Amino acid sequence: MADKMSCIYCGGTVSLSGYCKDCGLGQEFLWKAGNTSRYYYNIALDKVTVRDLSGAIDSLKMSLRYNKSNTDARNLLGLIYYEVGNTVSALSNWVISVNHKPKDNLAVKYLKMLRDNPETLEKANELARTFNKGLELAKNHELDLAIIQLRKCISSNKKFVDAYLLLSLILIEQGREEMARKYLAQVVAIDRTNPIALDYLREMGGADVTKLADEAMSDSSDLFDYYGMEQADEKKRPARKIVPAEPNRARSLRRARTREQSLARFSNIYMFAGIVIGLALFYFLVSPAMKSKHVDEIQGIETSNNQALSAKNNEIENLRIELEDLTDKNNKYISDNSSLQTEIDNLEEEVELLKKSVEAGGIALPEEIEALENATSTDAAQEISVSSTGVTQNGNQYDSSNAAAERNNANVIGISTDSIEDIISNE
Amino acid sequence: MLDFDEEVKRFTPALSVSQADEDIYKNDLKDITDIVMQMTEDLRGTFTNGR
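Residue numbers (this note's numbering), protein chains in the order written: chain L, 1 to 427; chain Z, 1001 to 1051.
Hints listed in this document are in silico derivations from the structure and should not be mistaken for laboratory results. It is possible that part of the hints are untrue.
In the DSSO-like style, the derived pairs of lysine-lysine whose C-alpha atoms are separated by at most 27 Å in a straight line are [claimed, not checked]: (1) K1009(Z) x K112(L); (2) K1009(Z) x K101(L); (3) K159(L) x K61(L); (4) K1009(Z) x K109(L); (5) K1030(Z) x K123(L).
Examples of chain Z residues lying across from chain L (beta carbon under 10 Å, computed) [as the list claims (entries may be wrong)]: (6) L1015; (7) E1022; (8) T1046.
Nothing here was measured: the structure is a model prediction, and the numbers come from that model. Every residue, glycine too, gets a C-beta built ideally from N, C-alpha and C.
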């Protein structure tokens, strides 16, 4: 017996028991999943026909949960996203659909349409950027600027539901509920059961959604003027619109062009004038202040440098004076040292002579000894002693030995010759 | 009364075309068949380890 069925999931052979030999899934289970997916797809289709796009999106998501390769559901989901202004979500769903089923797929046609019209994607990008800017401004409570961005969005894409909803929220926050109601009416006209729009309408006291949607379809031209003024509904005055007048087609084209050109020329002139004025302001106001600031800085640096320099000069002067003092002292010490050295040399020579006289047994003359005794502390005494010892450079040895003896005798303090003779006679 | 800050949080930033790749990866989720397959694989693994 041949197993003829192929598995819905993997394409493998299915056994008679109903289970795939390759993936092991039961075919009955797979049929049920496929059926449920189609069931939800049909529900979504019905909802789309009555403009219940939010409900349709939920049903299609449920359908894809049962069978993600249900390309019809995915294509419809992409279409709904495209309708409400989510171009990128639409694109991604179509790409996935083509991935599951490359041939005989409507998604191929949609993608080709987008590819052949690159402005659509550029516009979608710009729209996303503008909306995100508006959302950021709204989060920062810069509501007026956010309104400008969002109005730019809806003038670019009249079915961008998120922009309408955010704009309504901002207007409700500002207390402009009538205007908010109009934008919510637009949302409801696109998507009857949009939950956020219904919440806001309920907050404002509820409204008949169908009636709102019909009103929105009929009276919506003023909402899309990006440069337009708001409706002054509260004061019941006729609305002021900034709408260009219907041109006289025969001549107006040329005039419009020349008007545009002259405007462009003037804008260049204004820009140039602005640059010149800016440069002049900078030159006359800003640069002198900068220069004076620099001059002040330079002067400050010079002053501090001069102060440091004078301090250093003073220090140098003090050091020089100190050096001179020290040099003088040094010279004085050297001269003192030399004189002392000379004296030491003299004394050493005398000592030598004395030693020799002691060895030789020399005798000193009394007058000279007395002179020595009287003149011990003066230089004259030194001279006399020197002269009496007869220490000369010529080395007169006899005179020197007498001098040594005299000196020896001079050292015997308080004993005179008479007293020595007395001592000898007494002995 | 509407709380403006809470309501603004419900809005998500719009995607640009360059973010379409991320959106595709995010969208291509598992369906019920993939979940059952996963469960079957887990059971097989448990059964094989049990042996």
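Going down the list of hints, with the structure as the test:
As the CA atoms of K1009(Z) and K112(L) are separated by approximately 35 Å, the hinted pair breaks the 27 Å bound. Using a Cα cut-off of 27 Å, the hinted pair K1009(Z) and K101(L) is violated, with the two alpha carbons roughly 37 Å apart. For the proposed pair K159(L) and K61(L), the alpha carbon gap of about 22 Å is at most 27 Å, so the pair holds. For the proposed pair K1009(Z) and K109(L), the alpha carbon gap of about 36 Å is over 27 Å, so the pair is violated.
Taking the CA atoms of K1030(Z) and K123(L), the gap is near 32 Å; set against the 27 Å cutoff, the hint is violated. Using the Cβ-Cβ criterion of 10 Å, the hint placing L1015(Z) at the interface with chain L is satisfied: the shortest such distance is roughly 4 Å. For the restraint placing E1022(Z) at the interface with chain L, the shortest Cβ-Cβ distance is roughly 9 Å, inside the 10 Å limit, so the hint holds. The beta carbon of T1046(Z) comes no nearer than 14 Å to any beta carbon in chain L, farther than 10 Å, and the hint placing it at the interface is violated.
The structure does not agree with the numbered hints 1, 2, 4, 5, 8 stated previously, though it agrees with the rest.
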